[in-house]
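Engineer: Letter by letter, the chains look like this.
Number of protein chains: 4
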Amino acid sequence: MVRIDDPVITAQVLETRLGGEKTLEIPLQSKLTPSALDLLRARGVQVTRRDASPSPAPAPQPASRPGGKKEFKGIFCPNIVIFDGKNEINYKEMERYIEWLIQAGIHGLYPNGSTGEFVRLSWQERQDVVRLICQVNDGRVPILAGASEANLRDVLKMAEFYASIGVDSISLVPPYYYKMSNTSLFEYFAEIARNSPLDILLYNIPQFTQELPLDLMEKLLPYERIMGTKDSSRDLPRLINTMHRLRAQRPGYVVLVGCEEILFPSVMMGASGGTIATSGIIPEVIVEIYERALANDVERARILQYRVLDLINLMLLGVNFPEGFKTGVAVRGFDVGPPRQVMSGEEQHYLLKLEAQISCVLSDMGYSVKGPRACPVTQLPSIVSR
Amino acid sequence: MVRIDDPVITAQVLETRLGGEKTLEIPLQSKLTPSALDLLRARGVQVTRRDASPSPAPAPQPASRPGGKKEFKGIFCPNIVIFDGKNEINYKEMERYIEWLIQAGIHGLYPNGSTGEFVRLSWQERQDVVRLICQVNDGRVPILAGASEANLRDVLKMAEFYASIGVDSISLVPPYYYKMSNTSLFEYFAEIARNSPLDILLYNIPQFTQELPLDLMEKLLPYERIMGTKDSSRDLPRLINTMHRLRAQRPGYVVLVGCEEILFPSVMMGASGGTIATSGIIPEVIVEIYERALANDVERARILQYRVLDLINLMLLGVNFPEGFKTGVAVRGFDVGPPRQVMSGEEQHYLLKLEAQISCVLSDMGYSVKGPRACPVTQLPSIVSR
Amino acid sequence: MVRIDDPVITAQVLETRLGGEKTLEIPLQSKLTPSALDLLRARGVQVTRRDASPSPAPAPQPASRPGGKKEFKGIFCPNIVIFDGKNEINYKEMERYIEWLIQAGIHGLYPNGSTGEFVRLSWQERQDVVRLICQVNDGRVPILAGASEANLRDVLKMAEFYASIGVDSISLVPPYYYKMSNTSLFEYFAEIARNSPLDILLYNIPQFTQELPLDLMEKLLPYERIMGTKDSSRDLPRLINTMHRLRAQRPGYVVLVGCEEILFPSVMMGASGGTIATSGIIPEVIVEIYERALANDVERARILQYRVLDLINLMLLGVNFPEGFKTGVAVRGFDVGPPRQVMSGEEQHYLLKLEAQISCVLSDMGYSVKGPRACPVTQLPSIVSR
Amino acid sequence: MVRIDDPVITAQVLETRLGGEKTLEIPLQSKLTPSALDLLRARGVQVTRRDASPSPAPAPQPASRPGGKKEFKGIFCPNIVIFDGKNEINYKEMERYIEWLIQAGIHGLYPNGSTGEFVRLSWQERQDVVRLICQVNDGRVPILAGASEANLRDVLKMAEFYASIGVDSISLVPPYYYKMSNTSLFEYFAEIARNSPLDILLYNIPQFTQELPLDLMEKLLPYERIMGTKDSSRDLPRLINTMHRLRAQRPGYVVLVGCEEILFPSVMMGASGGTIATSGIIPEVIVEIYERALANDVERARILQYRVLDLINLMLLGVNFPEGFKTGVAVRGFDVGPPRQVMSGEEQHYLLKLEAQISCVLSDMGYSVKGPRACPVTQLPSIVSR
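Residue numbers (numbering that gives the first Met the number 0), protein chains in the order written: chain A, 0 to 385; chain B, 0 to 385; chain C, 0 to 385; chain D, 0 to 385.
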């Protein structure tokens with residue numbers, strides 16, 4: 000008999016500590032993740048739940064706002080989706096990856112965003128991804144989930160589902176494909192704000208869908224559910240004006256920057272944090288940029304921001320979004336599987352080259368990268384784990 | 000007992016001819032549409048199918064290409080979706096509307112296009128709309144259905160479903176939201192072309208998603224399933240180059256224009272026809288423009304093209320697409336119901352004004368428009384039913 | 000002694016008919032062009048002007064509007080500027096070229112437009128080019144000259160100069176570089192319309208400067224000097240709406256299309272004509288397209304429009320505007336000299352290849368093209384001089 | 000007799016110190032500005048130049064690079080052009096304004112940029128403006144002058160003129176109106192770099208002319224005359240990449256930011272300084288932002304950057320560029336005269352309102368603003384002269 004007291008028990012945990020045992024005792028409140036249940040079933044392990052045992056150490060409480068809500072600040076990792084050989088979601092590897100992110104100190108998780116390829120998933124898959132992430136997270140960090148569904152009714156349906164499984168807030172892009180007038184856009188967000196069970200982050204990403212004008216964000220301020228903005232527009236003047244104008248009326252208005260290259264300047268100008276896909280590859284460095292910026296440590300923050308620039312460029316350019324970021328995750332040792340969208344042979348070849356380059360950049364930063372593609376030792380000083 | 004020999008029997012037909020009868024005899028092959036079945040159930044009518052009866056007059060055969068395929072030429076009506084008070088699809092009214100279109104002489108039907116709001120429907124709704132249209136049509140005109148699903152696997156799944164219910168061809172826009180490189184775009188269409196059970200129209204609509212370059216269309220020509228192009232770009236120089244370049248290699252390449260204002264010049268330059276949303280409001284006039292253009296009747300075609308211009312502008316401008324076109328259908332006497340996308344009060348007010356204006360323009364054309372909003376009699380000569 | 004009775008006497012005329020003579024008698028009103036004067040000076044020829052001689056045959060009168068103004072319809076050739084080895088304007092070759100265009104049947108001349116590289120010339124050069132063209136033309140065809148100067152005062156100064164040398168109308172793009180509000184744009188054109196000594200064509204070319212909206216054109220209609228529109232936007236729906244809306248208020252409103260690929264459809268929809276740079280290379284064919292379109296000869300006009308498409312594409316694409324068109328003029332036997340704007344070696348190489356290709360296309364059309372680059376004989380039927 | 004020892008003597012200086020005297024003694028090297036000469040002529044004052052007198056105190060030397068060149072860092076003020084009632088340049092008021100800027104501590108002057116309306120001036124006017132500024136400056140601060148003329152030959156001619164009168168460097172936008180290929184764009188800048196007598200700043204301003212890609216800037220690095228970049232694109236990710244990529248190869252590469260709203264973050268990321276039009280209105284504050292950023296004084300720099308944001312927005316939005324900035328200069332007590340570009344009555348009215356608003360914002364900052372439009376006292380703490 001093995002006894003494991005962790006609040007969340009994953010297949011990884013079991014593989015390390017179960018040994019050959021066939022019975023397992025766990026606390027009453029502990030969560031077994033999907034892959035853990037699979038493993039237990041596969042090995043025929045019998046599970047008993049202790050009742051009167053001393054309660055496990057309480058999980059660290061995330062920072063909370065008055066009213067018990069979690070605070071939205073720091074680095075939110077926009078989560079990629081990992082597929083298996085059959086192009087189905089690989090929940091086991093995703094679980095391992097999400098656990099790794101939390102352990103690495105990420106401040107929040109963000110599934111079903113642009114990095115999460117929400118438009119390429121089915122309605123069911125979008126629900127399954129978020130459920131898995133909520134289970135693995137088990138309340139440790141706040142979760143922001145994209146809820147931009149095909150129509151208003153489905154947005155609200157999804158928000159209700161998210162609320163039921165422990166998501167903290169939703170993010171919403173303007174409807175894509177068709178262009179709407181600004182008055183209709185206002186009505187769309189206002190109607191959701193009136194009915195959503197969760198707080199809302201307005202998500203501006205003019206690269207992929209129509210712009211969400213700052214004037215319109217201001218008009219939506221009276222709705223309490225509107226909690227803040229996530230801005231991926233690469234436009235710092237606009238971000239600064241967003242903070243200037245909206246916080247004059249609502250001082251706690253959350254502003255997350257979604258542009259990787261300007262995390263440091265944005266935080267230094269007052270941004271609450273960022274949704275930074277690169278944090279899915281080098282969480283420690285991105286979290287450090289945020290913290291150094293908060294502490295006005297300009298020298299170190301600037302060095303870090305410039306050192307991650309090449310990595311960002313490699314992952315963003317020359318390949319369809321978000322394949323570059325998934326390649327980065329692969330270099331960190333996760334089996335990200337095939338892309339869901341088709342890719343030319345030429346691009347597949349490029350991705351292999353990219354993997355080698357990313358591997359080198361990570362070595363340069365001080366990460367120990369193993370794997371088939373050797374990387375020349377360089378002279379750059381390490382920026383990791385200082 | 001009533002006997003009805005029509006190949007397709009709708010609720011409308013029954014209401015006219017059933018009287019108070021409780022038994023109905025129909026030919027073995029006749030189709031009862033969904034609303035017909037509803038009505039029969041509601042009235043408790045018993046249906047028997049005659050076996051050895053003289054076969055009904057054969058339905059008029061659509062023009063066919065060698066190999067039994069239907070020819071894609073003339074006016075394809077991009078079908079709107081009609082919702083009811085609960086924002087569910089109103090199949091009964093849609094059936095009545097589709098039947099009306101076919102009777103009016105439209106050359107083809109086109110569900111799940113941009114006018115059909117495909118991105119606002121669920122997977123199930125997209126299937127239901129096309130099934131209903133196939134049933135009402137019953138093989139009378141060719142059906143082109145939009146199949147731009149969330150990912151490649153779902154596109155092929157949908158294409159197979161369409162093939163199973165009698166759709167003739169699919170149309171495909173480039174994936175929306177994310178931008179893809181042109182090599183990936185090629186791979187995307189090529190992979191579908193290799194596996195689709197139906198012929199494919201490449202659909203260019205840069206207003207709503209990324210452009211489908213002419214070079215890429217040319218590269219896709221070797222795939223037999225690529226049947227043609229539907230171009231809604233409003234760019235006649237491009238349309239002319241499409242015909243010039245692709246027909247030099249494949250003389251029968253289909254080119255449908257999707258820009259209402261240039262139907263006549265496009266057909267005169269050799270376009271196979273058009274997907275013209277205005278044909279859902281004034282099918283006779285749009286069909287006549289096409290026929291006059293084919294016959295080189297420049298004077299009449301030009302008069303008609305200019306006369307429909309105000310109607311097109313009213314429906315396209317000042318209101319979110321495709322609400323203007325749905326308002327036009329309402330003026331023709333169909334209950335199009337509420338929009339699925341939310342709309343500001345201001346815009347709802349505008350739609351009422353628009354309805355009155357459209358009503359006037361239709362009166363001007365010679366249509367007898369009834370309804371609450373009176374329209375001043377004008378001096379313009381009628382263009383209808385000459 | 001030689002006597003020459005032509006109303007305009009060019010160096011070309013003199014070279015043919017002067018022989019070795021040293022005295023020349025010409026009518027009192029005859030014009031000697033700059034190159035003619037050069038030649039006479041160079042050879043030391045003495046000129047006498049006959050006074051009481053029988054007047055020469057009157058020059059053919061151009062079509063006129065009530066009030067004696069020339070009619071703006073048909074094909075206006077946007078004139079290139081020819082430079083010499085020192086990058087100065089080569090007036091002699093320009094004169095020969097302009098004379099050739101008029102002889103070829105062009106309906107109007109159009110210097111200082113986009114094709115005429117007005118922004119690359121100095122104030123003085125812009126005046127000199129137009130003066131030369133007025134002199135060579137000598138009233139034979141109407142002249143439209145671009146007058147988009149650095150500021151309003153200079154526009155009016157240039158318009159007055161143009162009026163003094165016989166230009167018929169000016170064309171005006173919206174000011175470039177800065178973007179102006181539409182109300183300022185209105186004020187700009189209105190102020191010019193109130194003070195210009197010449198009629199004005201509003202020139203829309205959104206490829207190069209900000210769009211001139213149709214609403215604004217409509218607001219300018221009350222100004223009598225606003226004579227029409229020249230639209231190079233490649234947007235036929237817009238061109239059609241321009242004619243529909245503005246001619247409803249001003250039936251004689253001139254609309255010239257500036258998009259080469261849609262000359263035929265535009266004229267067929269009612270355009271007054273076109274400013275077609277290709278008419279500087281194959282004037283006879285472009286003029287024929289216009290005339291066939293006017294005559295509703297759809298079959299022949301369509302054939303011609305498609306036959307010139309390859310030539311247009313060759314000249315427009317792959318090379319900085321307007322170098323492709325200048326290369327076309329070179330193929331017709333004029334020494335167009337070096338470009339004023341610098342060009343990479345790669346592009347210079349491309350131009351040589353382009354010259355060979357244009358040469359082939361012209362051969363295909365039926366032109367006899369001589370020169371160093373041989374062209375394979377093809378099977379295409381000639382379209383020239385039918 | 001009055002003796003004045005200043006190195007530059009303006010009309011202002013004379014008005015204060017001349018009194019009623021009719022003779023003036025000045026050092027041999029002193030410069031009399033145009034307005035000073037006018038005043039002397041008007042009053043009939045006789046001027047004598049002292050030869051052997053003790054030399055005046057040397058003018059403060061600007062920071063210099065090895066080789067005696069002035070360093071390009073800090074705040075360069077993009078100079079407006081002031082017109083008089085006849086729409087001619089008002090040299091007297093410009094002189095007074097330029098002197099005021101230099102006294103206020105601006106680090107450099109920048110005539111004939113976008114703020115300087117270079118495309119609305121004649122060739123002669125562009126020369127006169129820069130000559131006046133050089134004379135007033137008299138070597139005190141570095142001068143960067145725009146040299147984007149109509150063609151390459153004229154660019155070089157202007158650069159030579161600038162060199163002859165003491166300009167330090169030129170800035171160059173890509174040619175406007177026409178779009179050029181990137182290879183031609185390279186050839187254009189390379190040809191100028193090979194022949195220019197002055198160093199060159201590559202000026203990227205995609206709002207007004209075609210983009211100058213970073214790749215192309217990198218390709219131009221081997222040319223010594225290419226000294227740096229002035230980037231007005233509002234795109235901080237691009238600015239950061241510019242510094243990262245180009246300084247890796249040329250450590251002293253100058254990067255000036257031209258986007259007012261991000262001066263502080265840009266300098267903090269390493270920008271050499273900025274060309275900031277707002278420095279023409281509140282030079283002390285803008286210079287302080289730069290200095291605080293250099294000193295890593297994040298708190299104060301952030302406060303200042305946010306406090307100038309409203310002023311920037313007022314001047315940039317709602318009015319044609321650069322009229323808002325000229326209105327700001329007017330509030331500081333200079334007679335900026337009428338705009339050269341026409342303006343609607345509506346916009347003139349707006350400018351009056353704007354003037355009042357700017358006046359309020361300046362009061363809020365702590366400036367004592369006098370004038371006809373009273374401004375309510377507010378509660379904001381002063382940011383001036385701390």
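These are calculated hints, taken from the structure and not from any lab test. Given the structure is predicted, the values throughout are model-derived calculations rather than measurements. Some clues are possibly wrong.
What the hints assert, rightly or not - Taking lysine-lysine and the DSS-like style, the derived pairs with C-alpha atoms no more than 25 angstroms apart in a straight line are:
1. A:LYS352 with B:LYS85
2. B:LYS68 with A:LYS178
3. B:LYS218 with B:LYS178
4. D:LYS68 with D:LYS156
5. A:LYS218 with D:LYS30
6. D:LYS68 with C:LYS156
7. B:LYS30 with A:LYS85
8. B:LYS68 with B:LYS30
9. D:LYS69 with D:LYS21
10. A:LYS30 with A:LYS85
11. D:LYS156 with C:LYS178
12. A:LYS178 with A:LYS218
13. D:LYS178 with C:LYS178
14. C:LYS352 with D:LYS178
15. A:LYS178 with B:LYS218
16. C:LYS85 with D:LYS156
17. D:LYS21 with D:LYS68
18. B:LYS178 with A:LYS156
Engineer: Now, for every hint given, state plainly whether the structure supports it.
Structural biologist: Consistency of the hints with the structure:
1. A:LYS352 with B:LYS85: violated, 53 angstroms
2. B:LYS68 with A:LYS178: Violated, at about 36 angstroms.
3. B:LYS218 with B:LYS178: Given that 25 angstroms is the threshold and the Cα spacing comes to 19 angstroms, the pair holds.
4. D:LYS68 with D:LYS156: holds, 22 angstroms
5. A:LYS218 with D:LYS30: Given pair LYS218 of chain A, LYS30 of chain D is violated - Cα atoms ~58 angstroms apart, limit 25 angstroms.
6. D:LYS68 with C:LYS156: Roughly 42 angstroms between the alpha carbons, so the hint for LYS68 of chain D and LYS156 of chain C is violated.
7. B:LYS30 with A:LYS85: Violated. LYS30 of chain B to LYS85 of chain A sits at ~40 angstroms, over the 25 angstroms cutoff.
8. B:LYS68 with B:LYS30: The hint holds at about 22 angstroms.
9. D:LYS69 with D:LYS21: Violated, because 39 angstroms separates the two Cα atoms, which is more than 25 angstroms.
10. A:LYS30 with A:LYS85: Violated, at roughly 28 angstroms.
11. D:LYS156 with C:LYS178: violated, 28 angstroms
12. A:LYS178 with A:LYS218: holds, 19 angstroms
13. D:LYS178 with C:LYS178: With a Cα-Cα distance of about 17 angstroms, the restraint between LYS178 of chain D and LYS178 of chain C holds, given a limit of 25 angstroms.
14. C:LYS352 with D:LYS178: holds, 22 angstroms
15. A:LYS178 with B:LYS218: violated, 30 angstroms
16. C:LYS85 with D:LYS156: holds, 15 angstroms
17. D:LYS21 with D:LYS68: Roughly 40 angstroms separates the two Cα atoms, so the pair is violated.
18. B:LYS178 with A:LYS156: violated, 28 angstroms
Consistency note: the structure conflicts with the earlier hints numbered 1, 2, 5, 6, 7, 9, 10, 11, 15, 17, 18.
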